[in-house]
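Just so you know, the protein sequences line up as chains Y and S, in that order.
Mapping the first sequence onto my numbering, position 156 (from 1) lands on 156, and the numbers just tick up by one.
Mapping the second sequence onto my numbering, position 26 (from 1) lands on 233, and the numbers just tick up by one.
Read the hints as simulated data drawn from the structure, not as lab findings.
All C-beta atoms, glycine included, are put in the ideal place defined by N, C-alpha and C.
Please note: incorrect hints may appear among the correct ones.
Said to hold, decoys possible - Incomplete in silico selection of chain S near chain Y, CB under 7 Å:
#, residue
1, GLY229
2, ILE364
3, VAL374
4, LEU398
Unchecked claim - Reference listing, derived: stretches of chain S covered by chain Y, where coverage requires no fewer than 3 residues with Cβ under 8 Å from a Cβ of chain Y:
#, stretch
5, 350-358
6, 367-373
7, 385-395
Protein chains: 2
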Amino acid sequence: MSRSRTPERIAETALALFNAFGEPNVTTNRIADELEISPGNLHYHFRTKQDLIDTLFSRFEHRMLELLGGDGIDEADVEDAWLFLHLVFENIAAYRFIYRDLNELCTRSRNLRRRIRAILKLSMRTASDLLAALERSGQLEAMALERESAVRNIVLISSYWIAFDQVMELDVEPRPDRAAIQVMSLVSPYLRGPAREQFEHLANAYR
Amino acid sequence: MSRSRTPERIAETALALFNAFGEPNVTTNRIADELEISPGNLHYHFRTKQDLIDTLFSRFEHRMLELLGGDGIDEADVEDAWLFLHLVFENIAAYRFIYRDLNELCTRSRNLRRRIRAILKLSMRTASDLLAALERSGQLEAMALERESAVRNIVLISSYWIAFDQVMELDVEPRPDRAAIQVMSLVSPYLRGPAREQFEHLANAYR
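The following block holds chain Y by itself, in its conformation from the complex:
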């Protein structure tokens, strides 16, 4: 392969193998084997396996911040919320090795832990803003305690749906569409009027 494409091909192959077998079960030698390059060539571009993990994590993080880091939410409707979750969950599915071993990655690297927690905290704020926008426009009715619980549950399920799916049903492809419905069902009992009908319509289409 051409020299200049080597780092990119290493990163892509590492991502595919990490996602398929779990990062702890893939050595840099196996990645080099898969690409038919020498381990020395791989380590010339990525000194350690952690460097490779960091590169992949940065790509995931970049997309996540792009999606989460808007200017705040003024208006929201149920279809927007579903589309937004779908995009976030596609990114999570593309880098699912991170979520399979989230706690182990956090223990191994303080730097990753700080950045993962920043993403989770931003997710909590986004979920909270979204519920507030739905409430302002009369599409949602919930007590403060219910909203707080919902926000925590939304972020928990958003973070662990893919690990749970893998334990329950091995070797199935991730279903970001279904996961988005699963998360929205946390809020559906609080939806009012047309918003509730919109949710039921979506839920029946994507089960």
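Let chain Y serve as the given structure and place chain S on it in line with the hints.
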């Protein structure tokens, strides 16, 4: 220490270290060091680290099946449900190393994967029976789709609350009481009459 207590002390120390640092980060040598015994003595009782994991898992599983494996649920109220979740979550907290690396343990051992999935499926059935019992006695009102989503979300949050807490707030003690409220809040909007008041009372006490 007396010869006969050695296996038990090894198991207890392994559990404490696995819970504190994560199983992948604790070697059998470290366990032996902590107990001031030789690695040879440890391996006389537990040939491999996996044997030690299997022993601890069996204890966890025994208690879990004891809790989940009743004769079916005829009657239920909100306080019973909360107490039941609290007991289940105390067991999860006692063996939290399993839930920290659930997916990695499932990949490494087919036998553990089968047993973990059996526990999750039994949990789904128990959650489903519990909602059905609440519905029969007029304490809960939900559509079939809402009940299905709730059951899946209940088992997902029951399985990953402790991993999520660890990522979000490092070095805090597990809070099975708070986790029980978090799980019950998935169902609270569907509760009717006194059941709903009972939930609010509990929620305010254990936040």
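Each hint tested on the structure:
1. GLY229: This interface hint holds because 5 Å falls under the 7 Å limit.
2. ILE364: The hint holds - ILE364 of chain S has a Cβ within 7 Å of chain Y, the shortest such distance being about 6 Å.
3. VAL374: Hint holds; VAL374 of chain S Cβ to chain Y Cβ min 6 Å, cut 7 Å.
4. LEU398: Interface hint status for LEU398 of chain S: violated (10 Å vs cutoff 7 Å).
5. 350-358: It holds, with 4 qualifying residues against the three required.
6. 367-373: holds (count 5)
7. 385-395: With 5 residues close enough to chain Y, the hint holds.
Violated hint: 4 only; the structure is consistent with all others.
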